[in-house]
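Chains as they are written, first to last, in my numbering: chain E, -8 to 166; chain D, 4 to 259.
Honestly, I wouldn't trust all of these hints.
[Stated by the list, open to error] Keeping only pairs whose Cα atoms sit at most 25 Å apart, straight-line, the calculated SDA-like set for lysine to any residue is: (1) 87/E x 181/D; (2) 177/D x 16/E; (3) 125/D x 69/E; (4) 127/E x 217/D; (5) 177/D x 18/E; (6) 217/D x 130/E; (7) 87/E x 16/D; (8) 177/D x 26/E; (9) 177/D x 22/E; (10) 127/E x 227/D; (11) 177/D x 69/E; (12) 177/D x 119/E; (13) 127/E x 177/D; (14) 214/D x 181/D; (15) 177/D x 121/E; (16) 177/D x 109/E; (17) 177/D x 87/E; (18) 177/D x 113/E; (19) 125/D x 38/D; (20) 125/D x 178/D; (21) 177/D x 24/E; (22) 177/D x 125/E; (23) 177/D x 117/E; (24) 214/D x 75/D.
Read the hints as simulated data drawn from the structure, not as lab findings.
These are the residues of each chain, in order.
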Amino acid sequence: MLSPSRRGSAVNFVGTGISALGCIWAQWLTLPGISLVGVTVDWSLIWVVCWSFERSFLSSVAAGLIMGLVLDGFTSGFPSHIPGLILAGVITSGLKGYRLLQSDTLAIALLTFGMAVLQETSLALQNILWSAFDPKLIWAYHQRVSLASGLVSCLWAPLVWWILQSWWGQNKISS
Amino acid sequence: MNVLQRWWIRNQGVLLGITLVLLAALWLRYTQAGVLAEAWYWVNWPVLGLQTVPPDLSNNRIVELEGQISSLEIENRRLKALLALPENTLADPLAAQVIGRDGGHWWRYLLLSRGSQDGVQKGNPVTAPGGLVGEVIAVTPHTSRVLLVTDPTSRIGVVITRTGAMGVLSGQFKNEGLLELFDNQTPLKVGDTVVTSGLSSRFPANFMVGKVAKLPENSTATPQATVRFSTPLDGVQWVLIYPTLTGKGLNAQPLP
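From just these sequences and the hints, can you work out the full model?
Rendered as C-alpha cells:
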C-alpha cells in the first residue's frame, strides 16, 4: 500500500496528465464561440503557460517539449510546435520574479496572448525558412492568424487556469 | 561531489517522471498519436450513433441532373464497349462522419469516424457534396485522418474541362488554391470547371475540384489562376471515402 503522500502525488500526476490530454483533444473540437475568423483556441499553449507559471525552468522546458512532441504527432511534424511551446514555457517561468499585476488570472490572460503570438510567429518563420511558399503570403496569413489566436486564447485562458489551479492547490493542501 | 549527490537524491523522482513522460510523448509522436485518435473515437462514439446515415441534401434540380448523368453514363459505357476501352467504374463509397478538425491554422486536416476495420487505407480519396475533399494520410482501426486540398502540402493534378489543359493545383490555407498550368495554348476564363486529371495515380479522374475564380492581372511565365474549391470545407460534417481506389489512376489501369 502506498503512503498517503505517495498516493497524493500519484493522484496529482494522473490528474495533471488527464488535463494535458484534455487540452490536446480539445484541439479537435469545434464549438460555436471558441473560434474567431476560423481560428480556434490554442488549448495546449494555455496549458503550457499555466503549468510554467509557478514552476522551475527545467519542468517548463520539459512541458513544452512533451506537449510539442504529441502535437507534432497529429500533424505532419512540419512546421514543428516544439520551439514555440518551449519558448512559451521558458519565458512564462522566467517572468516569475517580475509580477507587476496583482491578479494571477489577468497575468495568465496577458501571457497567453503574448505566447500565442510567439507560437504563431515561430510556425510562420519555419514556413518561411524551410518551405517553398511565397513569404509574402505566409506573412499576411500570419498577421491575421496570430492576432485571432492570441485574442481567442486569452479569453479562454482564465477558465483553464482556474481549473488547473484548483486541482493543483487542492493536492498541495492534501499532501 | 556531495552537492551533486544531494541534488540527485532530491530530484531523481522528478527526473525519472520527466524521462518516462518524454518517452511516452516520443512514442506518440512516431505513431502519429494513433492511440489518442482511437480514444477520441470512443469519446465521440455515443454521439456518432445519433445519426447513422448522412443527411439527404439533394433538391429537385440535383435529382434532374442525376437522371441526365445516369443516361449519359449508360451511353458512355456503350461507346467504351464499342471501342474496347477499359471500364472505369467507381466502387461504392463509404459514408463517414467528421469527428475532429485541426485546431491549428498551419495544417488542414480532418479526423473521420471510419478506419482500417472498414477497409480504409492510406491514399484513399475523400469527397463530400460539392467535390473533392482530400486524401487519407493516416489510419487507425476506427479513425482516419484526411489531408485537405486546402493544406499547403497538398498538390493535385487537374484538368480544365473546357480546354483540356492540364496543371497542378496547390493548397493555400484558405478556400482557394493556386492553379499552375503546364502549357499556355488556350487562355483560361473565370468560371472554368476544374476536375482531377487521373493522370497521376493519386486520384481517380473527373472528381469535381472547383472553378476558376480569378485570373492574375499581369501575365506570368507559367499560366496561373486562383481556383475556388467547390466543397465548403469549413463546415463539412459528412464525407465519402472511396476505399478501393488507392492508386487506381489511368497509369495503374491495366489495358485489356
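Cross-check of the supplied hints:
no., hint, result
1, 87/E x 181/D, "violated, 47 Å"
2, 177/D x 16/E, "holds, 24 Å"
3, 125/D x 69/E, "holds, 19 Å"
4, 127/E x 217/D, "holds, 19 Å"
5, 177/D x 18/E, "holds, 19 Å"
6, 217/D x 130/E, "holds, 21 Å"
7, 87/E x 16/D, "holds, 24 Å"
8, 177/D x 26/E, "holds, 16 Å"
9, 177/D x 22/E, "holds, 20 Å"
10, 127/E x 227/D, "holds, 17 Å"
11, 177/D x 69/E, "holds, 18 Å"
12, 177/D x 119/E, "holds, 17 Å"
13, 127/E x 177/D, "holds, 15 Å"
14, 214/D x 181/D, "holds, 11 Å"
15, 177/D x 121/E, "holds, 20 Å"
16, 177/D x 109/E, "holds, 22 Å"
17, 177/D x 87/E, "violated, 39 Å"
18, 177/D x 113/E, "holds, 20 Å"
19, 125/D x 38/D, "holds, 17 Å"
20, 125/D x 178/D, "holds, 24 Å"
21, 177/D x 24/E, "holds, 21 Å"
22, 177/D x 125/E, "holds, 15 Å"
23, 177/D x 117/E, "holds, 19 Å"
24, 214/D x 75/D, "holds, 22 Å"
The structure fails hints 1, 17 (numbered hints given earlier, in ascending order).
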